[in-house]
Amino acid sequence: MRLTLHVWRQDGVDRPGKMVKYEANDIKPDMSFLEMLDVVNEGLTERGEVPIAFDHDCREGICGMCSLMINGVAHGPMKGTATCQLHMRSFKDGDTIYIEPWRARSFPVIKDLVVDRSALDRIIQAGGFITANTGGARDANEILVPKESADDAMDAAACIACGACVAACPNASASLFTGAKISHLGLLPQGQPERYRRALKMVEQMELEDFGSCTLHGECQEACPKEISIDTITRMNRDFIRASLLGTRA
Amino acid sequence: MGEMTFRLDAHVPGGPLAEKWNRNRFEMKLVNPANKRKNTIIVVGSGLAGGAAAATMSELGYNVKCFCFQDSPRRAHSIAAQGGINAAKNYQNDGDSIYRLFYDTVKGGDFRSREANVYRLAELSVNIIDQCVAQGVPFAREYGGLLANRSFGGAQVSRTFYARGQTGQQLLLGAYQALERQIQRGGVTMYPRTEMLDLVVIDGKARGIITRNLVTGTVESHAAEAVVLATGGYGNVFYLSTNAQGSNATAIWRAYKRGAGFANPCFTQIHPTCIPVSGHYQSKLTLMSESLRNDGRVWVPRKADDKRRPTEIPENERDYFLERKYPSFGNLAPRDIASRAAKEVCDEGRGVGETGLGVYLDFADAIKRLGADVIRERYGNLFEMYERITDENPYRTPMRIYPAVHYTMGGLWVDYNLKGTIEGLHVAGEANFSDHGANRLGASALMQGLADGYFVIPSTIGHYLGSNKLEKVTTEHPAFKSAEAQVAENTRKLLSISGKRTVASFHRELGKIMWDYCGMSRNEAGLKTALEKIARLRAEFWRDVNVPGSDAELNQALERAGRVADFLELGELMCIDALHRRESCGGHFREESQTPDGEALRDDEHFTYVAVWEYAGEGKDPILNKEPLVFENVKLSQRSYK
Chain A
0 MRLTLHVWRQ DGVDRPGKMV KYEANDIKPD MSFLEMLDVV NEGLTERGEV PIAFDHDCRE
60 GICGMCSLMI NGVAHGPMKG TATCQLHMRS FKDGDTIYIE PWRARSFPVI KDLVVDRSAL
120 DRIIQAGGFI TANTGGARDA NEILVPKESA DDAMDAAACI ACGACVAACP NASASLFTGA
180 KISHLGLLPQ GQPERYRRAL KMVEQMELED FGSCTLHGEC QEACPKEISI DTITRMNRDF
240 IRASLLGTRA
Chain B
0 MGEMTFRLDA HVPGGPLAEK WNRNRFEMKL VNPANKRKNT IIVVGSGLAG GAAAATMSEL
60 GYNVKCFCFQ DSPRRAHSIA AQGGINAAKN YQNDGDSIYR LFYDTVKGGD FRSREANVYR
120 LAELSVNIID QCVAQGVPFA REYGGLLANR SFGGAQVSRT FYARGQTGQQ LLLGAYQALE
180 RQIQRGGVTM YPRTEMLDLV VIDGKARGII TRNLVTGTVE SHAAEAVVLA TGGYGNVFYL
240 STNAQGSNAT AIWRAYKRGA GFANPCFTQI HPTCIPVSGH YQSKLTLMSE SLRNDGRVWV
300 PRKADDKRRP TEIPENERDY FLERKYPSFG NLAPRDIASR AAKEVCDEGR GVGETGLGVY
360 LDFADAIKRL GADVIRERYG NLFEMYERIT DENPYRTPMR IYPAVHYTMG GLWVDYNLKG
420 TIEGLHVAGE ANFSDHGANR LGASALMQGL ADGYFVIPST IGHYLGSNKL EKVTTEHPAF
480 KSAEAQVAEN TRKLLSISGK RTVASFHREL GKIMWDYCGM SRNEAGLKTA LEKIARLRAE
540 FWRDVNVPGS DAELNQALER AGRVADFLEL GELMCIDALH RRESCGGHFR EESQTPDGEA
600 LRDDEHFTYV AVWEYAGEGK DPILNKEPLV FENVKLSQRS YK
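Protein sequence lines correspond, in order, to chains A and B.
Reminder that position 242 of the first sequence reads as 241 in numbering that gives the first Met the number 0, one-by-one numbering, no gaps.
Reminder that position 556 of the second sequence reads as 555 in numbering that gives the first Met the number 0, one-by-one numbering, no gaps.
Think of the hints as simulated: they come from the structure by calculation, not from any bench.
Cβ coordinates follow ideal geometry from the N, Cα and C atoms, glycine included.
Some hints could be false.
Taking lysine-lysine and the DSBU-like style, the derived pairs with C-alpha atoms no more than 30 Å apart in a straight line are [to be verified]:
id, chain 1, residue 1, chain 2, residue 2
1, B, K641, B, K324
2, A, K27, B, K511
3, B, K306, B, K324
4, B, K37, B, K204
5, A, K20, B, K302
6, A, K27, B, K468
7, B, K511, B, K306
8, B, K480, B, K468
9, B, K499, A, K17
10, A, K78, A, K20
11, A, K27, B, K306
12, A, K17, A, K78
13, B, K471, B, K492
14, B, K256, B, K302
15, B, K256, B, K306
16, A, K146, B, K492
17, B, K302, B, K499
18, B, K204, B, K19
On the chain A side, residues computed to face chain B include the following (Cβ under 10 Å) [stated by the list, open to error]:
id, residue
19, I69
20, G71
21, P169
22, S228
23, D230
If you want the footprint, here are the derived chain B segments under chain A, 3+ residues with CB under 8 Å [to be verified]:
id, region
24, 62–71
25, 142–152
26, 169–176
27, 544–558
Assemble the whole structure, with the sequences as input and the hints as a guide.
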């Protein structure tokens, strides 16, 4: 396959960036999208140019490190698939592909396609946990968890924090990410004691980080490589409103 | 070879096996709660071992600094573990016990691990599950709300706890959330996108590290009272492996060069069920969880060069070779054995797929017996992953699988308290050598990472601090300055060569040498060839590598160049170790040492020891030190899964 790529190049934070055109030749349909970029980068290096920086690590769709807006779609055209698991058989010989970083005020570009997603860690810091110091736990089977609750919690817990939901949202909201964690922990008996405080703190932090508000476009759910449902946002809103009405202290 | 200088005292507590850990916990020194915060502990790596250790030590009151090269601690490669975590809970009432898990692990490791460590691991396994459930890890459940289990290789009981095919992810998120809570509280300072480039040793004690900020390129010094390395394994020395792209050996390798003993470097695990290689551009291999072997049957055609589609090959022309060779364990034979069996049938020309390097993993019988819905519930995400990569539907046609490098049992040597040969240097998780001997059983890596991180390191660090009077050191100490200068010089050198070959091309070539000569099957002549080839390749690297860009920015080529430079040295040590161990054991198969039916043949008389290599200086042969392995509870036997 021969492809024409338009790739966002930016030297560093607060530096101007621009789209740069590259030709990608000898691309095989069985290559992953990132392997295609590896080939382009090998070529750039051999010609003495600086390769394109992009985040990636596990390359099996679980670490959440990879990103990329591909032709304006977060993680590209294949539903429920992270960029590293997208294969070139999803494209045709002669295609033109536009590759950009996540675009959101809360995700500043560090270089080329690499962005800073540390705001997501700070949302977890605010309350995305169950307070359980090591050592004090009782026998695991003393806590009964109905299978349905465990399954629903797992659906929400599958989030890989890649940030596609933010990048896809017209408001750059992090509600799917935040709602997924609130749902995971709030659906389990172990998560009940901190349930409302958690919702309050995490939503507050999300606002502090300058993410936009959710207006239920549903783009996040479409872009999510783990296909997390926007029902999680409903749960977040319910817990947050209840916490606010009850005057739960953060 | 030079003089051995390590004093390899494993500090195994006295008394009966089952009482050692408790006795040790009582005998260990404690640090007064008010004094804990005066101690800074560096933790490098934020996976199961590092993340759990950092969070727990902060809970105890220590001042912790935690480092990871990814953009968030939640991305450590523990996240990719699929199948599950073992624990001797005996919830299934099928005869499991702490002793049985201990015994299975020692036997599975082909009697090359330290009994006391393995027993403690089995003992702590039950506490891990309790801790993880308390944190909200969404393990699979039965309808009544109790925890569910499944079986894994090398065991005849069902003791594996799981969260769909994403057990590592969920366990890591548990540790990560505990860690983030401590970061928010101020007990842990987190340094993401930061790589450790040297260990600083002052008066024989590890007192800090040198790091590079991967975004700005700034080289920094960090001083501490103790250093914990939890940086994972070195499987990427093979270029193609199931490891993440960034997984590297730099931290443990630089520690080795500062005096930390490296134990059993040649013990690597080749996992039997990975998606086969499809082309030269390939950047990684993807694992298909061992749990699939609960329901999948492994087979190849009976005759060589059979090009028919799998569904066209009738039952009586198939060879279910694991069931045939190992009737009592069948498709759940341990990883080393299953991998070698697959290689053997492929060497006979009976491999499948375009390259002939593959065997079938077939679910047709299980789907007939249980229905597609049950199979989807058990393995749905794995089947989807397989289809995304290969474009084939495993509900309709058997999966094609082939062995791939997955885990390294070798690592830095540690005593019972997980302390290395350098005082104050502790090593946890895959980065140490301690619990898996020459072969790791499935679902035991998660168990070890969390046992080390939640329970062992937080106790033993206290003992180290309590029994040593440490002078205060600052990063102004000359040892920090000279290590910083050395790091800067190394970087300058890499950037100044401006040769013709890319870093990736060297890495690929090294990987091929390692796979061909130090992979599933090894022999003396091959290992000697590998040593010559690696030395030549390393010389060429330092003459002709091309690392573009500068050191004062995010420079992924530079990061990789440093890692590959270290792999080029570590690969050599692996071959030296493989050459010296003239026996077969576990994942280390020396062709010269096999039983008449081709199984690994140990030589207990000469090799019942841990090989601990000591750095002797540039251009000098490493020095072999030995820790004899003493078995007081388990009788050494020829491992049989027939």
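Here is how each hint holds up against the structure:
With a C-alpha separation of about 7 Å, the suggested pairing of B:K641 with B:K324 holds against the 30 Å cut-off. Distance hint between A:K27 and B:K511 is fulfilled; the C-alpha atoms sit about 22 Å from each other, no more than 30 Å. Proximity of B:K306 to B:K324 is assessed by CA-CA distance (about 24 Å); at most 30 Å being required, the pair is judged to hold. Simply put, B:K37 and B:K204 have alpha-carbon atoms about 18 Å apart, close enough for the 30 Å limit, and the pair holds.
Taken as a hint, the A:K20 and B:K302 pair is broken in the structure, with Cα atoms around 52 Å apart against an allowance of 30 Å. As the CA atoms of A:K27 and B:K468 are separated by approximately 61 Å, the hinted pair breaks the 30 Å bound. A threshold of 30 Å between alpha carbons decides the hint, and for B:K511 with B:K306 the separation of about 28 Å falls inside it, so the pair holds. Using a Cα cut-off of 30 Å, the hinted pair B:K480 and B:K468 holds, with the two alpha carbons roughly 24 Å apart.
For the hint pairing B:K499 with A:K17, the CA-to-CA distance comes to about 28 Å; that is within 30 Å, so the pair holds. Restraint check for A:K78 and A:K20: the C-alpha separation of about 26 Å stays at or below 30 Å, so the hint holds. A threshold of 30 Å between alpha carbons decides the hint, and for A:K27 with B:K306 the separation of about 24 Å falls inside it, so the pair holds. Of the supplied pair hints, the one linking A:K17 and A:K78 holds, its CA atoms being roughly 28 Å apart against a limit of 30 Å.
At roughly 33 Å between alpha-carbon atoms, B:K471 and B:K492 are farther apart than 30 Å, so this suggested pair is violated. For the proposed pair B:K256 and B:K302, the alpha carbon gap of about 51 Å is over 30 Å, so the pair is violated. For the suggested pair B:K256 and B:K306, the alpha carbons sit about 51 Å apart, so the restraint of at most 30 Å is broken. A distance of roughly 58 Å separates the Cα atoms of A:K146 and B:K492; the hinted pair therefore is violated under the 30 Å criterion.
Between B:K302 and B:K499 the CA atoms are separated by roughly 47 Å; this puts the pair beyond 30 Å, and the hint is violated. Annotation: proposed proximity of B:K204 to B:K19 holds, straight-line Cα distance about 27 Å (limit 30 Å). For A:I69, the interface hint is violated, the least distance from its beta-carbon to any beta-carbon of chain B being 15 Å, above 10 Å. Evaluation of the A:G71 hint against chain B yields a violated restraint, the C-beta minimum of about 22 Å exceeding 10 Å.
Taken as an interface hint, A:P169 does not check out: its beta carbon lies about 25 Å from the nearest beta carbon of chain B, beyond 10 Å. Interface restraint check: A:S228 against chain B, minimum CB-CB distance 16 Å, threshold 10 Å, status violated. Interface restraint check for A:D230: the shortest CB-CB distance to chain B comes to about 16 Å, outside 10 Å, so the restraint is violated. For a cut-off of 8 Å, the count of residues in the region 62–71 of chain B with a CB near a CB of chain A stands at 3, and the three-residue condition holds.
Closer than 8 Å: that is the beta-carbon criterion, and the region 142–152 of chain B has 5 residues meeting it against chain A, so the requirement of 3 holds. Beta-carbon proximity to chain A at under 8 Å applies to 4 residues in the region 169–176 of chain B; the threshold of 3 is reached and the given coverage holds. Chain A is given as covering the region 544–558 of chain B, and this holds because 7 residues of the stretch bring a CB closer than 8 Å to a CB of that chain, at least three being needed.
This entry does not satisfy hints 5, 6, 13, 14, 15, 16, 17, 19, 20, 21, 22, 23, going by the numbered hints stated previously.
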